[in-house]
Structure formats: structure tokens, C-alpha cells
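*Asks:* Sequence:
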Amino acid sequence: MTEVETASAAATGIAMATEKAAKELSPEEERVLIRDIALTAEANTKEGDSFFLITQKWWQHWIDYVNQDQQPNNSNNNEGSSSLSGNSDSNGVGISKRPSGIDNSDLISDGPAEDANSDDGVEIHDTLLEGRDYVLLPQQVWNLLYSWYGGGPALSRKVINSGLSQTEFAVEVYPLRLQLLVTPKGDCSTIRISKKETIGELHRRACEIFHLNLEQVCIWDYYGHRKHALMNDMDKTLDDANIQMDQDILVEVLNNVNDTVVTDGGLSANKIASKGYSAEQLQNQTLGYPSKESDNNFGNSGVSTRGTFGGLTGLLNLGNTCFMNSAIQCLVHTPEFARYFREDYHQEINWQNPLGMVGELALAFGELLRKLWAPGRTPVAPRPFKAKLARFAPQFSGYNQHDSQELLAFLLDGLHEDLNRVKHKPYVNSRDADGRPDEEVADEYWANHIARNDSIIVDVCQGQYKSTLVCPVCNKVSVTFDPFMYLSLPLQFATTRSMTVTIFTCDGSALPSTCTITVPKQGRYRDLIQAVSNACSLKQTEEIKLVEIRNHLIHRFLDDSFVSLSTIKDDDHLAAYKIQKSAKGNVLLQLIHRRQEQETSDAQRWKPFGTPLVSSLSCDDVIRSGVIQTIVQTMLTPLLKEGIEYSDDSDPSTSGMARDPSDHGSGEVDTNRASTSINKVLPKLPLQLVDESKTCIDLSAGDEKAINLSAMSHVVVYLDWKSKLLEKYNINYLENLPEVFKYGPITKKARTEPLSLYTCLEAFLREEPLVPEDMWYCPQCKEQRQASKKLDLWRLPEVLVIHLKRFSYSRSMKHKVETFVNFPIHDFDLTNYVADKRSSRSQLYELYALTNHYGGMGSGHYTAHIKLLDENKWYNFDDSHISPINEEDVKSAAAYVLFYRRAKSDTSGTSSAGSRRARDKTSYKH
157 MTEVETASAA ATGIAMATEK AAKELSPEEE RVLIRDIALT AEANTKEGDS FFLITQKWWQ
217 HWIDYVNQDQ QPNNSNNNEG SSSLSGNSDS NGVGISKRPS GIDNSDLISD GPAEDANSDD
277 GVEIHDTLLE GRDYVLLPQQ VWNLLYSWYG GGPALSRKVI NSGLSQTEFA VEVYPLRLQL
337 LVTPKGDCST IRISKKETIG ELHRRACEIF HLNLEQVCIW DYYGHRKHAL MNDMDKTLDD
397 ANIQMDQDIL VEVLNNVNDT VVTDGGLSAN KIASKGYSAE QLQNQTLGYP SKESDNNFGN
457 SGVSTRGTFG GLTGLLNLGN TCFMNSAIQC LVHTPEFARY FREDYHQEIN WQNPLGMVGE
517 LALAFGELLR KLWAPGRTPV APRPFKAKLA RFAPQFSGYN QHDSQELLAF LLDGLHEDLN
577 RVKHKPYVNS RDADGRPDEE VADEYWANHI ARNDSIIVDV CQGQYKSTLV CPVCNKVSVT
637 FDPFMYLSLP LQFATTRSMT VTIFTCDGSA LPSTCTITVP KQGRYRDLIQ AVSNACSLKQ
697 TEEIKLVEIR NHLIHRFLDD SFVSLSTIKD DDHLAAYKIQ KSAKGNVLLQ LIHRRQEQET
757 SDAQRWKPFG TPLVSSLSCD DVIRSGVIQT IVQTMLTPLL KEGIEYSDDS DPSTSGMARD
817 PSDHGSGEVD TNRASTSINK VLPKLPLQLV DESKTCIDLS AGDEKAINLS AMSHVVVYLD
877 WKSKLLEKYN INYLENLPEV FKYGPITKKA RTEPLSLYTC LEAFLREEPL VPEDMWYCPQ
937 CKEQRQASKK LDLWRLPEVL VIHLKRFSYS RSMKHKVETF VNFPIHDFDL TNYVADKRSS
997 RSQLYELYAL TNHYGGMGSG HYTAHIKLLD ENKWYNFDDS HISPINEEDV KSAAAYVLFY
1057 RRAKSDTSGT SSAGSRRARD KTSYKH
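This note's numbering numbers the first residue of the sequence shown as 157 and each following residue consecutively.
No lab work stands behind these hints, which were simulated from the structure alone. Be a bit skeptical, because a hint or two may be false.
[To be verified] DSSO-like cross-link-like pairs, simulated, lysine-lysine; straight-line CA separation at most 27 Å:
no.	residue 1	residue 2
1	K253	K213
2	K763	K884
3	K202	K314
4	K961	K898
5	K725	K1047
6	K961	K677
7	K972	K1047
8	K213	K314
9	K1060	K1047
10	K1060	K677
11	K850	K861
12	K632	K695
13	K1047	K632
14	K695	K737
15	K884	K993
16	K725	K898
17	K880	K961
18	K695	K763
19	K632	K938
20	K946	K961
21	K861	K878
22	K884	K850
23	K945	K725
24	K884	K898
25	K797	K884
26	K253	K314
27	K797	K878
28	K202	K392
29	K878	K763
30	K880	K938
31	K850	K677
32	K213	K972
33	K993	K945
[Said to hold, decoys possible] Simulated restraints, written as ranges between beta carbons of each label pair:
no.	residue 1	residue 2	range
34	L181	D847	56 to 64 Å
35	V584	N1042	34 to 42 Å
36	P928	H870	23 to 31 Å
37	P928	N631	19 to 27 Å
38	R577	A1059	23 to 31 Å
39	F325	T987	48 to 56 Å
40	D716	T672	17 to 25 Å
These numbers come from a predicted model, not from an experiment. For glycine and all other residues, C-beta sits at the position ideal for the given N, C-alpha and C.
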């Protein structure tokens, strides 16, 4: 069915449904109709279409109601989404009643609508999250549900283009909220307007609200209560003009007599040229409006690092901004930053750095820090900082929840570039180690780094690690020394991994057996092959062929020794075949089992089942069909049922004597078990060989049929198991191949023993192969290689930031690791983890701050635990709420980003960040 036909069918369904009363529709009919209309509407969504918000509570009630006759969904769905596919998230217990009218009241803000001229005249809460508080439904779906259930109110939102290419669609749930300020009248009004609307539409709306003519006004971008830009390009969108949420817009009324722009000094716009004023000078004039956040003058603002006088000021949550508040509080309470930003740091701002934010991020952060350290406890609304953040990092705009660590990484990098003392970065060429001493190479790399990057952030937060890459083919070693701003540590208990493999023999000497072996978690195929070889007592004349089985066929051979074991998933099925070591000219024989399955009442089809078997063929260009018969019979000998006698007078066309296949030139299969245990006639097997041209060759017609193997890389033979043949073999050994790893209940040991931060650090520093997407170009091989990578800590910073990797993303699934990590609060000793042994500086660290994340993905909450060092007391910072806590309460499974500060010894206690910078610019001298 084409899209046009589908849309037509959906429209017909809507018409029929509206004619038919909702009470006449069964829950299943409602579900199917809504599902079909929703799929059609979403597939044909275009810019300007309307979507409607509906409360998640009501929607889930309706989902449970229409899905009550369906089978419960047993899949583990962590996304929390409601399903129209026939499976609801409920447990299927009880019968859900039909919902009453739609009630969106819990989405609506208690206060009056900020824009009386908006389409619906209703203002929603700023902190709503899709999937938690509401769902978005196409207009057709809303219309149908409303016709059935009534209620409301209707909360309509438009579809806009989004993304860098402006080709993606998004529903603008929160249009821009702008404060219009009129000068010289002094009127003000708040409006909601789409960021995709034009400046011309903003002009029209402003004139409509304040009863002005278009010719009477001009509009300014009044960000921070300063004239940034005259908004006179009527076709430009507000998004392109970089207008942000909660921003001020200045509406200047022209002088009715002279038709000129009235300014503070009485200067009119049409006199700018004659007076020699530039547009920039005009834009930088500040009007007499009181700012929501008063601007302090530069210089020492009296910030105190004493907790008695400051440092206990909270940050208001502007709507899902807890991720930002927690990260800011940790940075603000870093003593080195508190001292730096209370002094006159403006001389260090790099106004010309193309990688920076023209100093605006540093200024905004500095002003916010001053307010948080000022005397008093009144919470601060970080609106100016958030607006500035949104200007330079659009990913953090709006009111969605974000990752506090991602914000922290952006802030540290952005502050560094804004405060980089290097105004003109020199070109530096970092050489490979090439056998030189590590100390010499490390100092060279650090000097090159400092020559281009020199800021308070580098002084305080940047360290250096040694990175060693080894080519798995030519063993080329590459050593580099790279800076780091923070350490992202994996959360894992085990350094090893258990894997289950089923072993098959090709010589008929043993039944298939299952073994579970232990391999390095970050190992390679060679580690698994070696472990299997040891487990099955492999002879020197034998080798292991490891394969992955899917759908009863060999999916792939795991024969590349250097591929990472991470490519083998826990739910994969592995088989290992003991065969004779390959010689030149050998080919592998794959035996695929098939049996008849009923497809229809009068049709049957041969389908693969069980586990394929593999053997080795040593032959010239031609092999006889009898040899293949014998090899297959030998492989299947262990499966023969006991007590079944085979008569010697069997029809030669249906039976054959087990014999040494070496008589036929194979020489690869040991038939000791077959020839010494019993000398009896074995059933002739119905085998079919598929050659390179996909032609089937019947191997049961005679033993002397010649098969040309010259063009074959491997031989595929099908064995069709008829009912009589099945009676003679125990084929259950070929079925139910186990998974690589089957998850079971968590052991008591795993539940009770906490994961140590030291263990996480060791896992981070452990040698492991690069992922296939991050291959290394080997300069010796001249090819991309999956090299082994080993990290070592070389130089540690004054403040060590450690990120615990609790969030993982794979395909469409998101997962949070809730593991409790036992991290030290005092005496975090890294002495044994630092590879550079020249320095006598203390490698002991003390915890002074951390961020916490509670809840699941996307809908959780961030807080911060911070120690006021002068008071030696811990506090919990939960947005605007601050409360003292005991030190033993600092540790929890919610810990996310840890901030450690180097413990000051008697000899190093007087050293400052500046002296460290001077010292690090030169080599160590001992």
C-alpha cells in the first residue's frame, strides 16, 4: 500500500470512528485505529503540523485499557515508553476500566498565562519531561481521542525544523519566552513565540501588544540589558538571530516629531553618522532599566572563602537545571577557582581566541561565583549564566535534563580557552619516542602543551598520562604523552570473563562436551582459542576451529587471532571443532543437518536443525563420494544408539561398512573408535554435496563417484535425517547449544563486596585492544591495525576530577549502572599508579566535592555533596536547598563525579598553582 493509500485509509478510519460512538468501540478497536492513524500521521509529518500534549498518567491509563486483552510483554524494556503494539507495561493483573475524560491539569502552571495572546492562553510547567509527564500525539490522534473522551484543555504545539542541517523535525514544546521592554514609556510584557518565527513577526506582535504602528518602533536584542544588535532583518528567524529563552527584547519607540530613535543621551539614530558614532557604540549603550541580576563592577567583590560568611548559597532550579547547578557548585567550591575569580582575572581573558567564547563564559562564571560566595543565603537564579551557556553550547539550551559530566567537560574546556594566556599559539611538532627515555619524551610533550595551553584550568585540573600502542602484527611500539582534564573510569568488578563453548571431535573418539573457561575480559580470539585448547587437551597434531552458530548454520569462523573478544556477545552460541592440523591443499568439510518440517497440510520442507559438524579433508583435486560417506559416518559414530544391531545383508545401496578412510586418500580422520569398537554395517547416509555452482550432488548413489574440489575453498554437505535414521542416533547431543554466558542470580559475594575506586582505576589503566571503530594507523605496516593500548598516569594535577561511567549507550538502549563504588574520602593514595618516579611530591588526595545522580536515565535528579574546607564540614547542595550532612553519609551508590584535591604536605603546602605552572614549564631536576 502506498503512502497515499495509507493516508486515505487512515482518513476513512477517522471518519468511521467519529460516526461510531466511542462506547460502541471495543478496546481492541480503539487501539488498532489509534495505532494506524498515529503511524500514518508520524510518517507524513511536516513543518507546521500540530502535535498535542497529553498527560502521561491519562495516556498510560488508556494504554492499559486498550491492551488488557493482550498477552503481557515479558521483554525487559527500560525505556518506560507506552506501547500501541499490543503489549502494555502493566503486569496484566486485573481489568483496566475505561478512562474518564482527558485531564491535562497536572501539566498546567498555577499562575496566569504569561502571554495572553498565545494560541491556547495556557502556560505549562517549565519542568515537564516527555515520557515522564506527557506524551506528544499527532493532531489526528488527539481529535479522535477528544471526540471519544472529551476533557482537556488542548495543548497544541507546532512541528519545526531542527538539527544542524535543519532537516530533522521536532515539536517545539517550549516556545521562546521573551520579556518585551518599551522605552521610553517603561511598559513591559511577556510573550511566547516560536524560535522559527521571523523578526518581522516579533515586530508585529510587539506592536499589537503595545498598540503601536510598525513605523513607530525598532527592536533590539537586549541580552544582559545591553544593546547587542538592532533586529531589522525582518526575514531572519529568531533562532538565526541567536535569541534565547527568557531573554529581554527592547522595543524602542521612535520620536513622533523627528521619527528618530530616542536614546539616553538624546542622540537620534539619524544623527549617528554626523556625530561620528559607530553602530557598535550605539549598541553598547546601556539603558536605564533595572536588571534582574544586577551587574557588579569588575575587581575584588569581597568574596570570602569562609563558610561562615559565604559559600552556602543555593541555585534556583530553572527547570531541569539540577545537572548544571550541581556541577557549578563543585567548581565554585574549588578553592583555587574561588581565589582566582574573586581577584581581577580580566587581564587574563583571551578576547581573540577563536576556540573560546570571547571571554563571555569566563565573565558569566566569574560573576556567578561572586554571587554564590557573597554574604547571605538568598538563592541565586542562574538565568544569565544559563542563557550565556545556551549561546555557546546549544545542546544545553531549553529545559531538558542533561548529563552533568558533559556540562562539566564543556565548562572546563570553555573556561580554559577564554582564559588562555597564550594569545598566539606557536606551531609545535611532537615526535614519537623512538626509544628515547620516557622522562625526556614526557617533558617535551608537556612543554609543547604548555606553549599552546596556559590557563588557570591547566594549572589546577590538567594532568598527563602515558599512552602506549603496540601493533599486533609487526609489534611496533608507539609512545605518546597526552594531557587529561579528568579521568573517566569504568565500573566493573571482573577483569575476566566466563565463556561457554561446546567441543566436537571429528575422529569419532568422543561425544560433544561443553566446557566453561575463563578468559581476560579485554582479551582477543587467541586467548579464547588457547583456553579451549587447554581445556580439551589438544594434541600437537590437532588444532581448534572456533565458530559462531546462528540458525543452525556456521555464521562465521573466529580465526583472526587479534580480534577483540568484545565482539562475542553473551547470547551468542559457540562451537569448537578438534581437527587435524591443516596442510597445504586441505579444505574444511561442513556437515549441515536437515529434517522435514510441515509447512502446510500437504507440503513439507527440509530445514536445518542442530549444530553443524566440521572435519578436514586432505586430498588432491578429486575425491570419491565414498570417502565423504566414511568421514561423515565416523563423525557421527559417538551418537549411535547402543543395542541396535545392523545386519550385514543390508542393501548395498542403503548401507556401508565402517572402514579406515585412509583407504580413500583422506588420511585425516582417526577411526579407531569406529573400527575397533564394532565391526558392523553402518547405515548409508543420504548426503548431498553443494558445489561452487550451487549444484547438488547425491553422495548416496555410489562410492566411486568423483567430486572435483579444485575450485572449492570448503565443502558443504547436507545430511537429510529421515525418521528411520533418527531412530538410530542420539541427535539430542547436536541440539540445544548453550549460550556463551547465561545470566543467573547475583551471588552473595557480588552483592556484599563493594567495588573499590582503586579497582576502577586499575581497569582504566589495563592494557586492552582498541575497538574496531578506533583503529590505529601503524607507521611500520602502513595499515590500520587494532592495536593494544595501555595507559599510565604520568603527571597528576592539583585537583583530580574522576568521572564514574554510570551511563552506557548501545544501539537504542540506554542503561545506568547502579553499582556502589567504595571511594576514599581521605588519603586517596595514587603513589603506586604514577609511572614517573622522579617526583617527590605527595600523591595523596582528599575528597572535597562530588555530584550525585539519583533515578533513571533522563528523569533523574542531580545534587552535590561539598566540604567547606575552612569549616571542615560537609553540606548537601540540592538546588536552592542546603543542609549539613555527616561525613559517613557522603558515600552512596549515587556518586557520579568525584573532586579530589592534593593533600598539602609540610614541604609543599606553600606551593601555589602559579608556582606549579612555573615548575612544570621546565623539566624535573633531581
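*Asks:* Compare the structure with each hint and give your call.
*Replies:* Checked hints:
1. K253 with K213: 14 Å, holds
2. K763 with K884: 20 Å, holds
3. K202 with K314: With Cα atoms ~10 Å apart, K202 and K314 stay inside 27 Å; holds.
4. K961 with K898: Given pair K961, K898 holds - Cα atoms ~25 Å apart, limit 27 Å.
5. K725 with K1047: 33 Å, violated
6. K961 with K677: Satisfied, since the Cα-Cα distance of roughly 17 Å is no more than 27 Å.
7. K972 with K1047: Distance of about 18 Å is within 27 Å: holds.
8. K213 with K314: 23 Å, holds
9. K1060 with K1047: 23 Å, holds
10. K1060 with K677: Distance ~38 Å between K1060 and K677 Cα, so the pair is violated.
11. K850 with K861: 18 Å, holds
12. K632 with K695: The hint is violated at about 33 Å.
13. K1047 with K632: With Cα atoms ~44 Å apart, K1047 and K632 exceed 27 Å; violated.
14. K695 with K737: Holds: K695 and K737 sit about 10 Å apart, inside 27 Å.
15. K884 with K993: 71 Å, violated
16. K725 with K898: Within the cut-off at roughly 11 Å; holds.
17. K880 with K961: 58 Å, violated
18. K695 with K763: The hint is violated at about 35 Å.
19. K632 with K938: At roughly 11 Å apart (the allowed maximum being 27 Å), K938 and K632 satisfy the hint.
20. K946 with K961: 19 Å, holds
21. K861 with K878: Distance ~23 Å between K861 and K878 Cα, so the pair holds.
22. K884 with K850: Violated, at about 30 Å.
23. K945 with K725: This hinted pair holds, its Cα atoms lying about 22 Å apart.
24. K884 with K898: 32 Å, violated
25. K797 with K884: It holds: about 6 Å lies between the C-alpha atoms, which stays within 27 Å.
26. K253 with K314: 32 Å, violated
27. K797 with K878: 16 Å, holds
28. K202 with K392: Distance ~21 Å between K202 and K392 Cα, so the pair holds.
29. K878 with K763: 12 Å, holds
30. K880 with K938: 59 Å, violated
31. K850 with K677: This hinted pair is violated, its Cα atoms lying about 41 Å apart.
32. K213 with K972: 24 Å, holds
33. K993 with K945: Answer holds: K993 to K945 is near 22 Å, not above 27 Å.
34. L181 with D847: 56 to 64 Å: Once the Cβ atoms are compared, 60 Å apart, the range 56 to 64 Å for D847 and L181 holds.
35. V584 with N1042: 34 to 42 Å: 49 Å, violated
36. P928 with H870: 23 to 31 Å: 25 Å, holds
37. P928 with N631: 19 to 27 Å: 20 Å, holds
38. R577 with A1059: 23 to 31 Å: 28 Å, holds
39. F325 with T987: 48 to 56 Å: 55 Å, holds
40. D716 with T672: 17 to 25 Å: Because 23 Å falls inside the window, the suggested range holds.
In the structure shown, a violation is registered for the earlier hints numbered 5, 10, 12, 13, 15, 17, 18, 22, 24, 26, 30, 31, 35, in ascending order.
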